[in-house]
Amino acid sequence: MNKNYIKSVFSREESIFSNDVYTYTIYHQYDTNPREDMVTVGSSIPPNKFELLLAHLLFKAVELTGIEEIELYQNEIREILYEKYEDKQLQNKPGSVILNRPFDLYEVWEKWCSNSTYQDVLNIKEFQVEGLNEIILDTLLKRKDSEINYILRNFKALSYLEKAAEQFRFTDEDAYKFDVIDVVCKIEDIKKIIKGNDCVSN
1 MNKNYIKSVF SREESIFSND VYTYTIYHQY DTNPREDMVT VGSSIPPNKF ELLLAHLLFK
61 AVELTGIEEI ELYQNEIREI LYEKYEDKQL QNKPGSVILN RPFDLYEVWE KWCSNSTYQD
121 VLNIKEFQVE GLNEIILDTL LKRKDSEINY ILRNFKALSY LEKAAEQFRF TDEDAYKFDV
181 IDVVCKIEDI KKIIKGNDCV SN
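Using this note's numbering, you'd call the opening residue of the sequence shown number 1 and step up by one each time.
In case anyone wonders, no lab produced these hints; they're calculated from the structure.
Incorrect hints may have been included.
[Unchecked claim] Simulated pairs of lysine-lysine, DSS-like, Cα-Cα distance not exceeding 25 Å:
| id | residue 1 | residue 2 |
| --- | --- | --- |
| 1 | K7 | K125 |
| 2 | K144 | K111 |
| 3 | K84 | K7 |
| 4 | K7 | K60 |
| 5 | K125 | K111 |
| 6 | K144 | K60 |
| 7 | K111 | K60 |
| 8 | K3 | K144 |
| 9 | K84 | K142 |
| 10 | K142 | K60 |
| 11 | K84 | K60 |
| 12 | K3 | K60 |
| 13 | K111 | K84 |
| 14 | K111 | K3 |
| 15 | K144 | K84 |
| 16 | K144 | K88 |
| 17 | K111 | K7 |
| 18 | K125 | K88 |
Build the full structure now, drawing on both the sequences and the hints.
Pasting the structure below:
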């Protein structure tokens, strides 16, 4: 697959949602308990875009954490999809003639992880929704892995600091106004994260 294919999938100015509802089964061929770990998702995102969205989420987790081996689990992806990519008109749309379309996360990764397509998948603007980075990090922080949690907490604290710093960075004093309350809230979040890391390290 190449970038021309990706462009063709999003060649028109249209929503990522279609007029039909599809049922997808998401699994990983190397799961130790495949029947227990696979999940089913209902979505009006068509198969060609849904596959790219899965790849986008997998790659985004790696980019955010800097941990190449990290993977989003099927149940985590399902929650992210429902939280950030749910069609508000889903209940009013008919079911697709495609009864069930399986997606193997391992195959999705291998198909799109080449040097020529990895960054293109990450750059798909239709998938770049507000709050996606935060929900991925929060999802990973729920895991009971102290080493990964320590790394993620530090990364999250850094991202909050960058956002707080951006609030004070301006070029036109009359046109730019920063939200002091937002900055204070971020600083309080950073304190909580640092406190959590201190508990982990001790």
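Comparing the hints with the structure gives:
1. K7 <-> K125: Judged against 25 Å, a Cα distance of about 11 Å means the pair holds.
2. K144 <-> K111: At roughly 30 Å apart (the allowed maximum being 25 Å), K111 and K144 break the hint.
3. K84 <-> K7: Holds - the C-alpha atoms of K7 and K84 are around 22 Å apart, at most 25 Å.
4. K7 <-> K60: 19 Å, holds
5. K125 <-> K111: 20 Å, holds
6. K144 <-> K60: 21 Å, holds
7. K111 <-> K60: 16 Å, holds
8. K3 <-> K144: Measuring from Cα to Cα gives roughly 37 Å; hence the hint is violated.
9. K84 <-> K142: 18 Å, holds
10. K142 <-> K60: 17 Å, holds
11. K84 <-> K60: It holds: about 14 Å lies between the C-alpha atoms, which stays within 25 Å.
12. K3 <-> K60: Measuring from Cα to Cα gives roughly 18 Å; hence the hint holds.
13. K111 <-> K84: 24 Å, holds
14. K111 <-> K3: Holds - the C-alpha atoms of K3 and K111 are around 13 Å apart, at most 25 Å.
15. K144 <-> K84: Since the Cα atoms of K144 and K84 sit roughly 24 Å apart, the hinted pair holds (cutoff 25 Å).
16. K144 <-> K88: Violated, at about 33 Å.
17. K111 <-> K7: 16 Å, holds
18. K125 <-> K88: Answer holds: K125 to K88 is near 20 Å, not above 25 Å.
Going down the numbered hints, you'll see the structure goes against 2, 8, 16, while the others check out.
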